[in-house]
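So the protein lines, in turn, are chains F and Z.
FYI, this note's numbering numbers position 251 of the first sequence as 251, with every residue one higher than the one before it.
FYI, this note's numbering numbers position 224 of the second sequence as 224, with every residue one higher than the one before it.
You may find that some hints are simply not true.
Selected chain Z positions facing chain F (Cβ under 7 Å, derived; list incomplete) [as the list claims (entries may be wrong)]:
| # | residue |
| --- | --- |
| 1 | 108 |
| 2 | 112 |
| 3 | 191 |
| 4 | 195 |
Residues from chain Z that face chain F, not an exhaustive set, calculated with beta carbons under 8 Å [to be verified]:
| # | residue |
| --- | --- |
| 5 | 197 |
| 6 | 201 |
| 7 | 202 |
| 8 | 204 |
| 9 | 207 |
Calculated directly from the structure, the hints in this document are not laboratory data.
Glycine included, every Cβ here is placed at the ideal spot set by N, Cα and C.
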Amino acid sequence: MTDGKGDIELAGVYKRFGDTIAVDGVNLKVPDGAYCCFLGPSGCGKTTILRMIAGHEDPTGGEILIGGEDVVGLPPVERRTAMMFQSYALFPHLTVRDNVAFPLRVRGLDKAERYKTADEMLEKVRLTELANRLPGQLSGGQQQRVALARAAITEPRVLLLDEPLSALDEQLRIQMRTELRRMQRELGITFIHVTHTQLEAIALADLVVVMEKGRIKQAGAAREVYAQPRDKYVAEFLGGQNVISGKVQSVNGATLMVAAPDAKSIVVPLAGRHSISSGDSVDLAVRRDDLRLRRPGVPVEAGWNSVNTRIRAIEYQGAFVKVMLEGVNDAEFVAYLPERDFFTDPFEVGDVVVATWVAEQSLLLS
Amino acid sequence: MSATAPFVRFPARSRRRPLDGADTRRPWTFWVLATLFALYVLALYGPMLCIYVLSFQDLRGGLVFPMKGLSIHWFIDLFTQVRTGDVKGGFERSIWLAIFVTVLTVVGSFLAGLAFRNRFKGDGIVFYLMIGSLVAPGLVLGIGIGLLFQYLGLPATWYTSALGAHLSWTLPFGVLVMFAVMSRFDRSWEEAALDLGASRWQIIRMVVIPILLPGIVAVALFGFTLSYDEFSRSLQTSGPLNTLPLEIWSMTLNVTSPSLYALGTVTTLASFLIIGVCLAAITMMQKKRARTIS
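Looking at chain Z on its own, in the form it has when it is part of the complex (with noise of 0.2 Å):
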């Protein structure tokens, strides 16, 4: 390099920044991601938004706008007229069903969670294993779920068949979700509690669920959403009684008043209620804790 290389200077049009607040102006290009997004929501949300609002229709509503008089009859209907089918019972058994998966999926997920912390002979193939039911087309889980049970001469029921499918579906979710809680367990929290006197089950108990816990209940949020809105995997495993999906699907094909969009609104509005709540208690204990782990 000579000692005399001239000062390369940027052209004059690079001009000086504007200061902060002294131009506040957006860019043209907030205005086109701005749109896209509107559109994107709007494709989301919108046919969701009118079915919950065609639900609110009188006697003389149809399944199409225009929107016909403002009541809650076809609410009403839902739950007191035959025809509509069994609504009743395929909400309560698709809340059972998910408060069994549920715990399923939060236990068994724990303690993968707990074993996949050390490394152990065969590690790897018990984790593809999990995962390989991620990645398998639920319908065809669903048949061969049913297959089986037939050829076994078992009957197909909601709470044999179809929680054994929904948990191959929820469990490797929750395992998925617990070791990515897990990675940010430091291990010598349980090392000082045990340096301390705890026994290990007092560690788990005072220590290790504690801790997790914010994560235990995303897990158990995640198991309970699958499970209670599954339908592919129910299909073929739920046996005579329909849960609430399959009871949609068939009312879909037969029942033609606004109580089908009334039924989306009530299982819409429970669906928001658990989730609310879950979300909640993780605030409260994330809230809690404020800053703690540093």
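The following block holds chain F by itself, in its conformation from the complex (with noise of 0.2 Å):
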């Protein structure tokens, strides 16, 4: 405990259950008081960083430093981490208040003591009235904000929630996502988060790690990941995009022609890759709501790129229309149709249309 501050590194860790190996080599540097979450599908590795880095679990091999110590082999105490459970694992025998006031009797304190801080911790989480209640006696949502207040209790410089809303129905995710933000705020520490809903991760954190079997795929910002993926499987996994599949035709100067079915030609911009050659199979993205939509023979114009394709199906969605069509190559193809402007001129399913967008916002995946 040399330091207070709560900065994360993870370095080469790599864990191995038996035969199959959970985590492959992530390299990671979280900042201080940021609030990171972990992606991926279940099964990607990113509980068992998450158990690592709060001591539940030991990593195979690598080095875990938390405020610029390594930590591997200490227990969750001395690292000073709180883990926040997926069933939030409240003691059932115990009310609101002892249940918050739990670490501080390990440690000794008084009746006296505990209660007074533990109060003040209820108050902050909005819970006064549910103090003498048992956790079996409280909904949903108030079993979490319990949870997080036995946890911030210690006042740990790293806070670990596993997937902590996907116990919750949509109408209180969405309420509680805001409430973690608020006491991240408040507490002003490192929050790790684990889930598999995108639309969570990049609602809540300063830095989205996407995984796939046990490796990073990307890292960085919420905006960067959604708009800018690095490639195939995150773009496909935070949604948003329609990635498309062709071979190069040719690379003139700063953009390449791809060649794709159903698509006279379509125009990437280059940025930057200079190892791409005629021939090659790429990938690229384009963002659903980039693309517009045109009836067959309205004039394109220069600098768009268009692929002719049929409506397989229309949902309303409110603020937008998602309108599915007949994808290159049987991939998703997806366009999000501002609301007011799809109604002036609606489109049926069935119909032969024109997906049409501006060339520069391709998006060339490696």
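Need the complex rebuilt from these two chains, each delivered in its own frame; the hints are there to steer you.
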């Protein structure tokens, strides 16, 4: 406990369970006081990383530094981390106040002292009236706030949250999301939050870490990961992008032409990638909300890409309209159209349309 | 499937089900099953009830109906007459034996429950060895233990050989109950406690035991009652001094007065008292934590 800082550094962290590799050499730096989300499908190793930072699992190899100190082998208390479990793990036999005061009880504080601190904490999470209830008498959202208060009362420098919102229903999830962010600002400590929900990650995090099969695919700010996905996996996992695969036709200066079925040819900015030559297979992404649909025969301006397609389904989403199109190479191909624009000249399912977008907005994936 | 497939209607007898409250008559099957159940209860408790009733006769009372008079004479007789045997001593020995058995069963089952949460080498063999003694006939097991003590030159007494014989019966039971209780224990409670700074011992004391307490009381109850009325395993292992079930058995051979029945009434009351106290304790704990384990 030499440093009160909660910056985390993972260096070549590796974890094997029997024959399976759960975490395959992860390197990452999380700055002090950041809200960091690990995002990935189940089994991608994100929870294992969280548990290794918490000290509930030992890495097979590599270093975990918190505040510049290697914490591998130290018990959770000495790491000054606190974990909020997916099931909240509230002690069923203790009241809300006793649950929150539990960390102080095991540290040997007397009853008056620990209740005073616990009551202050309960006020922070607005649970004062429920202090004498048992966890079983609380709603999911209230239970979560108790778990948060219990974890925060130890004044940790890092708070680790394992799928904290997965047990809640949709409306409460969005509400608690705001609450988590508020608590993080108030406490001013590092939060590591594990989730498989893309929207949750990009709504909350300063730093989004996208994982697949024990490896980090991309780590960056929410907007960067969403709008500038590095590869096909990240683009598809975060959603909001259409991924088109094709062969390079020609490279001219700063752009390249990609040939794909049903498209004349797609122009993509090269963005500094010079190792690509004609004949290579490439993936490119275009944001769903960048697509514009036109009826056949309507001229397409220079500098726009176009793909001939047909409307497969239409879903009204309130703020926008989701139009599902027949994809290039059977991939998912979706346009998000502004609601007002769509209804000035609505399309029907089965209509033949031309999907167009500004060529500059295409993104070449690695 | 052709488009003109006729719509098949059920025959006319499938009438509309009577709506709730419209038809309050019970079906005939209810009466058949209710009669069957009443007969079952009568067969179960009738004989015991006869003994309790007959124990309240007066001096003229015999071992069979009809009832002669009404008094507590035979209860007084039970505790004052020497000829009825060493009831008081047998009762004390049985209670103490049951208490020892209960303590050892609770401790052993709890530790076994903790151990079997993780797989370990040979766990299957250990488990089946433990369950094996449940299947072995009690009398044979008792004879075996008696023989072993004789062979080793140790005197068979109620607090050594009989204690062991009882444990061979209560411990596997206790472990099985403990497994069922443990299966509802969430490991993340322990992890959370560790995360919050509790030591291993604090986790056991402040989290594991309090959460499992209703189950532990159930194991204790099992251990106590199984030991308290155990006969076959005690027969060859208690040595010169009888436990209560052995005392009652020997009385059936030479006592021909209703004091035998009075003894039955007293021991039953003692059993019910102990069970009642334990159940009340469990109920109170359950009530206290309301709908907690979600």
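Taking the hints in turn, this is what the structure says about them:
The closest approach between the C-beta of residue 108 of chain Z and any C-beta of chain F is roughly 24 Å, which is over the 7 Å cut-off, so the hint fails. A distance limit of 7 Å between C-beta atoms decides the matter here; for residue 112 of chain Z the minimum to chain F is near 22 Å, and the interface restraint is violated. At its closest, the beta carbon of residue 191 of chain Z sits 6 Å from a beta carbon of chain F; the interface hint therefore holds under the 7 Å criterion. With its C-beta approaching chain F no nearer than about 5 Å, residue 195 of chain Z sits inside the 7 Å limit, and its interface hint holds.
A least Cβ separation of about 4 Å between residue 197 of chain Z and chain F falls short of the 8 Å threshold, and the interface hint therefore holds. Interface restraint check for residue 201 of chain Z: the shortest CB-CB distance to chain F comes to about 10 Å, outside 8 Å, so the restraint is violated. Evaluation of the residue 202 of chain Z hint against chain F yields a held restraint, the C-beta minimum of about 5 Å falling below 8 Å. Annotation: residue 204 of chain Z was flagged as interfacial toward chain F, and the flag is violated, the nearest CB pair being 12 Å apart, outside 8 Å.
Taking 8 Å as the C-beta cut-off, the interface hint given for residue 207 of chain Z holds, the closest approach to chain F being about 6 Å.
Checked against the numbered hints given earlier, the structure breaks hints 1, 2, 6 and 8 and satisfies all the rest.
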